[in-house]
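**Q** Sequence order for the protein chains is A and B. Residues 10 to 438, numbered by this note's numbering, are exactly what the first sequence covers, in order. Residues 10 to 438, numbered by this note's numbering, are exactly what the second sequence covers, in order.
For the record, the hints were derived by calculation from the structure and aren't laboratory data. For clarity, every value in this text was computed on a predicted model and none was experimentally measured. Wrong hints could be hidden among the right ones.
Copies of the same chain look alike in the list, so a pair counts if it fits in one copy or across any two.
To be verified - Straight line, CA to CA, 27 Å or less: simulated DSSO-like cross-link-like pairs of lysine-lysine:
1. Lys-11 to Lys-326
2. Lys-137 to Lys-334
3. Lys-11 to Lys-251
4. Lys-334 to Lys-214
5. Lys-71 to Lys-214
6. Lys-11 to Lys-78
7. Lys-326 to Lys-71
8. Lys-251 to Lys-137
9. Lys-11 to Lys-71
10. Lys-334 to Lys-397
11. Lys-78 to Lys-214
12. Lys-11 to Lys-397
2 protein chains.
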Amino acid sequence: MKTDTSPARGMRDLLPADTAVRDHVLSAITGVYARFGYQRIETPALENIDRLSSGQGGDNEKLIFQVLKRGLPAETAPGALRDLVDLGLRYDLTVPLTRFYGANQARLPVPFRSLQVGPVWRAERPQKGRYRQFYQCDIDIIGEPTILAEAELIEATTGALSAVGLDDITVRLSDRRLLAALAQAAGIPAGEHARFFIILDKLDKIGWDGVRGELAEAGIPRQACETAVDMIAALQDLPAGKLAGALAATVPGLADEAASDLAATAACLDRLAGTRPLAWQFDPALVRGMGYYTGQVFEITAPGSGGSVAGGGRYDKLIGRWLGKDVPACGFSIGFERIVDLLHGSQPPRNAVAVLAEPGVHPADALAAARDLRGQGRVTEVIRRSGKLPAQLTRLEAAGFTSYLLMREDDAAKPQPRPLGGETPHQQD
Amino acid sequence: MKTDTSPARGMRDLLPADTAVRDHVLSAITGVYARFGYQRIETPALENIDRLSSGQGGDNEKLIFQVLKRGLPAETAPGALRDLVDLGLRYDLTVPLTRFYGANQARLPVPFRSLQVGPVWRAERPQKGRYRQFYQCDIDIIGEPTILAEAELIEATTGALSAVGLDDITVRLSDRRLLAALAQAAGIPAGEHARFFIILDKLDKIGWDGVRGELAEAGIPRQACETAVDMIAALQDLPAGKLAGALAATVPGLADEAASDLAATAACLDRLAGTRPLAWQFDPALVRGMGYYTGQVFEITAPGSGGSVAGGGRYDKLIGRWLGKDVPACGFSIGFERIVDLLHGSQPPRNAVAVLAEPGVHPADALAAARDLRGQGRVTEVIRRSGKLPAQLTRLEAAGFTSYLLMREDDAAKPQPRPLGGETPHQQD
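Looking at chain A on its own, in the form it has when it is part of the complex (with noise of 0.2 Å):
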């Protein structure tokens, strides 16, 4: 009697197809990074759950699948379901490495360059290409209170984009400070900031019209949202030099030091431009989901990702959260899942020798045949010969071999491999 073996709703199994893709994307992404100095750490998948619920993962703390406590009776008693639950699994890199941080401050370099891969939870409601384990890859630079943070994160992370082969990437940059003393100079009221944003944030799918139509509807005054928008699309696309004045002139409250850091900024992605083909835009609508953000956002868009592939930020508060006393952070998360998505398909065939032993062969024959092979370095596989021979050798083409080597009991000479495909081979051959 044949068993459900599927994978555990919304969960799914990794083939080795699927992780030839990933191991490739990985490696390209982390060879660049390492040469960032970015180092790689790991966190448990588990978290005490009272700091997975702390506030810092927004709607992804609803998601978080919980863990029951060890040793409880086997008969539960009428009380808070919560009381049973003691972990819970990481939603995201972030949350963790700010705990790491507090925990291994002492052992760490300043500024400490972070690099994290790894499967998050979220126990979202399954839908086609959403899973609820998926990975995530992290770099964060902590303990760098300047703008050098955010313009290696950028360079770094669009370098490693285009040693996956994504190179017709943009880089969209702005400032968390910047949207809130905009809405504030557009009238927009203090009770509505939060609103203004999350509709604003849908921009990329709705469009102008989209957005002043949600506007209308949330009820925010009109006028002021119209001011709003007036002043996103005149800063929208500004380059380097302009971008300092620009900002003084129309967002009169924002700090000088969040106008000339995002000048600074942009001069060096301007700097990075002539260097290798980059495309950058500062957009003042550029939203970015987490509340935790302090300072600059960014994010990366590709043609046919249908959003971004990469986003990131300034996070000056969070490791206070636990420490008592704010480090500065800067992080730049890579949606792996998406980038593995848009690559798939890509990935040369493997190159790999089948030695086909036949039946009479002695094991020990069979395997030294393929020491041999291997050391001439190819991947090779020891192989039964079994059924008809061409469709045997059918079989191997489509798995990805390129040649066997057929061993019989009575061979005298020693048999050379041959190239698979093309003509059929005789049985007798």
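Once you've looked at the hints, dock chain B against the given chain A.
**A** Okay, now just chain B, sitting in the frame of chain A:
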């Protein structure tokens, strides 16, 4: 106020020095396995709780981290705790592999060579060197009924261990069927076999006298125990050529096929030992804990490891549990954490350059200088100058930097990197 930032109980953070060793070990092992044609697969960390609790996991099933169903009411009603749970974290990679094979069989080659590397979770009592999340590294051959599988798994795994520098290892080989036939032949009552195996399994730790003592204490008939112990002693360390004959003479109840299979695997190991250093022994006292083994079992010990560094065997009935028809399977699992512990501290230091930017230097200039050095193949980090230069250089050296490039605002000439260490630099240098 500083909050507790330690990882969850029994878990640990991996720092850059830890991941460097782990990545090195992993890359060496998987490099060897790839040449044998093992292809990496990945299953989700979470499996349906019923699958994890189906009795295959032995005692490990008591150590499952259980995950609460989503959408439960906040207040629990009296009832079975078990009803609140639908998922669990995997406690090994074998049970998920058999489910994976059931789900994806049609898309996998025959035989299928699987490589799995990843974390598993067990809620064991925390103790030094044991963690509740740890990595396993398994290779398995599914669909190969002959000892080609066993002999290749042993060749590949000893090769992988050699690639990480573990050369002084010993392979121990036996067969699950042998011990059962031997206990039977010695007259140990069938109901006492399991206890006899459990006590025998402690031979490494407590020696023959200890085993005899515990057997007596357990009330297993003394004469039968003596006979069994004598038979084991007579068979131990037999050379390949004498195995089949001695087994037939000493343990007449053993199937001929089991005896000749052992002889064939032994012949393969002898042949392999002619090509590279390899110590192996036939060891009828080898037990291997898991109940699912059906044929040959093997284990690798290394000096200083205090136990085995790898273990495995044939499990021809496990996949049948899901599929309704048996599929031959054989696997070898490397004790990844134990290997990492053995090798810790043997890593070469990183060889990085620090671009030290004085406060007045524009970030774009510092990033450009770093870009040049990376272009020359150096791992390069940009770090702001702060505090006294000699102190900062000392910190950099401790963090693994081997040279630095000091950038000042008024630099006219392009500075060159200087080596770190040796004489103390002058501030004006």
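**Q** Each hint: holds or not?
**A** Evaluation of the provided hints:
1. Lys-11 to Lys-326: between (53 Å within a copy, 14 Å between copies)
2. Lys-137 to Lys-334: For Lys-137 and Lys-334, neither the intra-copy (43 Å) nor the inter-copy (32 Å) Cα distance is at most 27 Å.
3. Lys-11 to Lys-251: neither (68 Å within a copy, 43 Å between copies)
4. Lys-334 to Lys-214: neither (39 Å within a copy, 51 Å between copies)
5. Lys-71 to Lys-214: Cα proximity of Lys-71 and Lys-214: one copy only (25 Å, versus 49 Å across).
6. Lys-11 to Lys-78: Answer is between; shortest inter-copy Cα gap is 25 Å, intra-copy 33 Å.
7. Lys-326 to Lys-71: within (22 Å within a copy, 41 Å between copies)
8. Lys-251 to Lys-137: neither (44 Å within a copy, 59 Å between copies)
9. Lys-11 to Lys-71: Between copies, since 26 Å is at most 27 Å while 36 Å is not.
10. Lys-334 to Lys-397: Between. Shortest inter-copy distance 24 Å satisfies the 27 Å Cα cut-off; intra-copy 72 Å does not.
11. Lys-78 to Lys-214: neither (43 Å within a copy, 34 Å between copies)
12. Lys-11 to Lys-397: Result: close neither inside a copy nor across copies, 29 Å intra and 71 Å inter.
Going down the numbered hints, you'll see the structure goes against 2, 3, 4, 8, 11 and 12, while the others check out.
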